[in-house]
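Here's the letter readout for the chains.
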Amino acid sequence: MNKIIECELCPRHCRLAEGERGDCRVRIHLDGELKTLAYANPCSVHIDPIEKKPLYHVLPTSGSFSIATAGCNLHCKYCQNWQISQRPPEETQNYELSPEAVVREALSSGCRSIAYTYSDPIIFYEYVYDTARLAKDKGLLNVFVTAGYIEQPPLKKLCPYLDAANVDLKGITDEFYQSMSDAHLKPVQDCILTMKRLGVWVEITNLVVPTWNDSPGDVRALVRWVKESCGADTPLHFSKFSPMHQLKNLPPTPVSTLDMAWEIAKSEGLHYAYIGNIPGHPGNNTYCPGCKNILIKRIGYTITENHLADGRCEFCQHPIAGIWTR
Amino acid sequence: MTRREFLKRMYGFTVGLFALYVLRTLAIFTKTSEDRHSRPLKKAQFYRRSDRLAG
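Residue numbers (the numbering used here), protein chains in the order written: chain A, 221 to 546; chain B, 18 to 72.
Warning: the hint list may mix true and false statements.
Stated by the list, open to error - DSS-like cross-link-like pairs, simulated, lysine-lysine; straight-line CA separation at most 27 angstroms:
hint, chain 1, residue 1, chain 2, residue 2
1, B, K60, A, K223
2, A, K356, B, K60
3, B, K59, A, K356
4, A, K377, B, K59
5, B, K25, A, K376
Stated by the list, open to error - Calculated Cβ distances over 12 angstroms to all of chain B for the following chain A residues:
hint, residue
6, K272
7, W302
8, Q313
9, K356
10, S435
11, S449
12, A452
13, Q466
14, W482
15, G489
16, I498
17, I519
Just so you know, the hints here were simulated from the structure itself, not pulled from any lab data.
C-beta atoms are modelled at their ideal positions from N, C-alpha and C, and glycine is treated no differently.
Chain A extracted, bound-state conformation (with noise of 0.2 angstroms):
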């Protein structure tokens, strides 16, 4: 008799009895089938820039229909959003919005895209699924927004319907993502190259915590491996952390910090490196790579200057890559 089922969506591969949800709280073992409680029950919706995902090389300024449920396949200790990505969809309130509606809804606000985000999408991967089939169709963008921890089959059915993608790349080590977040970096690492290799643009955030993962060896470990892997085109955004959950006892993120992840960043070679969290910061601008005048200057989410003139730089006619028109 085979009573035992063996999600296959996520690494950690739980296996649940009758009655057993998994490590996400959303998928459950129901008369012999896995059931997933998140399909069409977020409880989130957003309409916000797309700078806040943050996605700075595609639609600046357009608005992006935000949702989530709850559940999560991380816990990490320092999670930002944990009131709804730790906990089940029973102790969440949530509104019944079928993937239809999510659609209807975006393109009546006048958002260019959906975006699936704050917990992570991963774990409601049949509702981002039929919702992002059904955007494509209608014309708007399918912007996901994780932590990447998914299996290659899943992350390559999903693909083809996604278009841009900002990728938590916690850290560069397997022992950061162990104590950090109970998971591992290779599927992490894996999720973007293959989003890279199937056409989705994709960002990249670290977010640097104060005695974690903040030393300029294991900074220019991860810059590294996010030009040699991803191109010097792939935007690499250094996020401040802030006192959360389970890593109250930290300070914030020195803005002395971000300045050295950034600088390292700039070092190696990246073109496009952002220091986030911290508005007005130099680091949130976007520089020409070729001319280094600022292209996009930005103060938090909102753009004060855009000097972009059909995807290239209006100073020195350089290409910058991204998606700048649909």
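Got chain A sorted already, so can you dock chain B onto it with the hints?
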């Protein structure tokens, strides 16, 4: 309305409000996530049946 009557009404209102809060809390914690779905749960993708024990 005398001050005493007013206080009695306020007391009744507060007790009523608290009772509603308790009932709502009980309702939340006695419902499972499956109960909350008005439609059948969606079948998930990417899984297989296995003989191996859950671990």
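How the hints compare with the structure:
no.	hint	verdict
1	K60/B <-> K223/A	17 angstroms, holds
2	K356/A <-> K60/B	23 angstroms, holds
3	K59/B <-> K356/A	22 angstroms, holds
4	K377/A <-> K59/B	18 angstroms, holds
5	K25/B <-> K376/A	67 angstroms, violated
6	K272	28 angstroms, holds
7	W302	19 angstroms, holds
8	Q313	10 angstroms, violated
9	K356	18 angstroms, holds
10	S435	36 angstroms, holds
11	S449	26 angstroms, holds
12	A452	34 angstroms, holds
13	Q466	24 angstroms, holds
14	W482	39 angstroms, holds
15	G489	38 angstroms, holds
16	I498	38 angstroms, holds
17	I519	41 angstroms, holds
The structure is inconsistent with the numbered hints 5 and 8, although it conforms to all the rest.
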